[in-house]
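Please build the complete structure, drawing on both the sequences and the hints.
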Amino acid sequence: MAIRAFLIVLSCLAAATCRGATFSSLQQTLIVTASPQPAQVLKAGEDEITVTWSLNSTFPAGVDSSYKTVTIKLCYAPISQKYRGWRKTVDNLVKDKTCQHKIVANKPYISSSSNNTFTSTVLRDVPTATYFIRAYAQNSEGDEVAYGQTTDSHKAVNLFEIQAITGRHVSLDIASICFSAFSILSLFGFFFLEKRKSKASESK
Amino acid sequence: MEISHGSYNQKKFALPVDSEHKATEFRLFSAAAPHMRAFHLSWISFFACFVSTFAAPPLLPIIRDNLDLTATDIGNAGIAAVSGAVFARIAMGTACDLFGPRLASATLTLLTAPAVYCTSIADSPISFLLVRFFTGFSLATFVSTQFWMSSLFSGRVVGTANGVAGGWGNLGGGATQLIMPLVFDLIQNIGATKFTAWRIAFFIPALFQTLSAYGIFFLGQDLPDGNYSELHKSGEKHKDNFAQVFHHAVTNYRGWILALTYGYCFGVELTIDNIIAQYFYDRFNPGGGMLSDFMAKRFGMRGRLWTLWVVQTLGGVFCIILGQVGSLGVSVAVMLVFSVFVQAACGLTFGVVPFVSRRSLGIISGMTGGGGNVGAVLTQVIFFRGSRYSTETGLTLMGVMMICCTLLITLIYFPQWGGMFCGPSSKGKTTEEDYYMSEWSSSEREKGFHRASLKFSENSRSERGRKIGSAATPIDGTPNTYV
Numbered sequence: 004m005a006i007r008a009f010l011i012v013l014s015c016l017a018a019a020t021c022r023g024a025t026f027s028s029l030q031q032t033l034i035v036t037a038s039p040q041p042a043q044v045l046k047a048g049e050d051e052i053t054v055t056w057s058l059n060s061t062f063p064a065g066v067d068s069s070y071k072t073v074t075i076k077l078c079y080a081p082i083s084q085k086y087r088g089w090r091k092t093v094d095n096l097v098k099d100k101t102c103q104h105k106i107v108a109n110k111p112y113i114s115s116s117s118n119n120t121f122t123s124t125v126l127r128d129v130p131t132a133t134y135f136i137r138a139y140a141q142n143s144e145g146d147e148v149a150y151g152q153t154t155d156s157h158k159a160v161n162l163f164e165i166q167a168i169t170g171r172h173v174s175l176d177i178a179s180i181c182f183s184a185f186s187i188l189s190l191f192g193f194f195f196l197e198k199r200k201s202k203a204s205e206s207k
Numbered sequence: 003m004e005i006s007h008g009s010y011n012q013k014k015f016a017l018p019v020d021s022e023h024k025a026t027e028f029r030l031f032s033a034a035a036p037h038m039r040a041f042h043l044s045w046i047s048f049f050a051c052f053v054s055t056f057a058a059p060p061l062l063p064i065i066r067d068n069l070d071l072t073a074t075d076i077g078n079a080g081i082a083a084v085s086g087a088v089f090a091r092i093a094m095g096t097a098c099d100l101f102g103p104r105l106a107s108a109t110l111t112l113l114t115a116p117a118v119y120c121t122s123i124a125d126s127p128i129s130f131l132l133v134r135f136f137t138g139f140s141l142a143t144f145v146s147t148q149f150w151m152s153s154l155f156s157g158r159v160v161g162t163a164n165g166v167a168g169g170w171g172n173l174g175g176g177a178t179q180l181i182m183p184l185v186f187d188l189i190q191n192i193g194a195t196k197f198t199a200w201r202i203a204f205f206i207p208a209l210f211q212t213l214s215a216y217g218i219f220f221l222g223q224d225l226p227d228g229n230y231s232e233l234h235k236s237g238e239k240h241k242d243n244f245a246q247v248f249h250h251a252v253t254n255y256r257g258w259i260l261a262l263t264y265g266y267c268f269g270v271e272l273t274i275d276n277i278i279a280q281y282f283y284d285r286f287n288p289g290g291g292m293l294s295d296f297m298a299k300r301f302g303m304r305g306r307l308w309t310l311w312v313v314q315t316l317g318g319v320f321c322i323i324l325g326q327v328g329s330l331g332v333s334v335a336v337m338l339v340f341s342v343f344v345q346a347a348c349g350l351t352f353g354v355v356p357f358v359s360r361r362s363l364g365i366i367s368g369m370t371g372g373g374g375n376v377g378a379v380l381t382q383v384i385f386f387r388g389s390r391y392s393t394e395t396g397l398t399l400m401g402v403m404m405i406c407c408t409l410l411i412t413l414i415y416f417p418q419w420g421g422m423f424c425g426p427s428s429k430g431k432t433t434e435e436d437y438y439m440s441e442w443s444s445s446e447r448e449k450g451f452h453r454a455s456l457k458f459s460e461n462s463r464s465e466r467g468r469k470i471g472s473a474a475t476p477i478d479g480t481p482n483t484y485v
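Residue numbers (my numbering), protein chains in the order written: chain A, 4 to 207; chain B, 3 to 485.
The hints are simulated quantities; they were obtained by calculation from the structure and are not laboratory data. There is no bait here: all hints are sound.
16 Å max Cα-Cα, derived EDC-like pairs, lysine to aspartate or glutamate:
| # | chain 1 | residue 1 | chain 2 | residue 2 |
| --- | --- | --- | --- | --- |
| 1 | A | K85 | B | D75 |
| 2 | A | K71 | A | E144 |
| 3 | A | K76 | A | D99 |
| 4 | B | K235 | A | E197 |
| 5 | A | K98 | A | E147 |
| 6 | A | K76 | A | E51 |
| 7 | A | K85 | B | D70 |
| 8 | A | K100 | A | E147 |
Quick caveat: nothing in here was measured; it's all calculated off a predicted structure.
Here it is as structure tokens:
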């Protein structure tokens, strides 16, 4: 895993130097709305999110000529990034860790500004945190060229929460307790055996 | 006093032994009872404990999302994992002195296994910290490993035995970085979600630990002649008194010095492991222990002390350099060199520890081992927590502290062998017997409790080195059988 991680780091470094796309260079040309209400709590693995995106018509026609695909992600709100350096917002998009969970991946972009919608269930590996939703428009090389998000530029409004699964199961709990009890009982068994052996050697 | 000849004992043991029946050779590829079998059992169980203690870090990216941990929670859990062992190591030393390493280590390993099983049901930062804290207690098996090797191997090879057992056990900390992600991937592929798969993965180190405890109990033996409980009952071994053992340990200043200096080799090693995510797979370099034995052959205990001081000081020098160096390539190279010296210093320390006390070997080993963990906690808290010092400054300061603390080794003095700057004492009671007998009162000697220490004294004469110094030979002049 160390070698794997090292190679990933190397390739990221290479990618970063090659691409260098930054968030601040993106135009906010998409309008994105999503079903979760502000401060609503969704359950991972159970509740659904419906995302709707379209081109902001105030922009001149043709601004979306390079948009080929759309990727929509769940992004951490600042409160969930606090004290957690692994979720840090960085301008370089390759290194940026704000949006780590995909809702829609590389859906073809339809230029006619009809409402594009997608509904999916929140995946079970999404952690408990406060989120907003961001859509990236990508060009034919897969680089981000524009974005839209459900919150404002300070990421302070229209945030919702997701409650993750605990990952625990009753069977796991029972197994843990049983094995622990078995270990302790074995220990007492050892002491008993040891006493018996030493009594035997005494009577020899 | 009987003169031991190898052939006399050859019939009973697979390896050549001395008068205490300790092996005088270290044969790595043998599993013969009791010496080499105990070696393999102890390094394997120590390895298992290291795997369990450091099983969480490689899975942290998943655990921190599942339990909603902050960076502080993670840091605190990491410190908790190594701080638990501070007192556990001292307690373990005591237990070894009183009950023998076999029962002591099997007990601790089995008592900490539930903490590993219960990692699967952790659901908050506090429960995560608690399971890491209690799992960390299992690192005290280091002490039982060292004690056991010191009980079964003679002075000629004790450094090697201690170094290899400690080193291979330490490998567990590196191996777990490969093992846990592999196990986790496997379980995920079978169909569990991320947040469940990591929980199931922890059963593997827990089961490994439990099995190793069984192995030690059923296959191990405390001493070449039998287990403590049998020897206590048969009267061959005196069942010692805790207060006496404790007293002789804490009043021996050498134990305290070694505890502090060990804090600045092993403690530094643990700290580096936590703050720099790189994994050296040859941690507690067996080279240190072998070097100690090699130096002891020619120069005796003084050679061991000088080598320890030089190697650990050089480790400090390279640590300072590491903090100053700017480029990545050079700093990796410096870190490798630094790591070799630090690890060798750990091995060299445990070449000296078996000779500090015979009666309280366990507690002295425990204090030294515990000192390592204290060093790790102190160093991380002072230099690597919060933002007072940049990491580079922290490293430089840690190097300076290493050099300063290591100077204490110059104060260690054995009347029968000397210290770094002084030769053995030429006046009065200055034989090995005098040193080790001073731990027993005359009434205890009348009852014959001191017999094991007497045999040890005889065998430790090899610590005089090749040049036999001005120390007086005992009246019933037993010739030195070692060259």
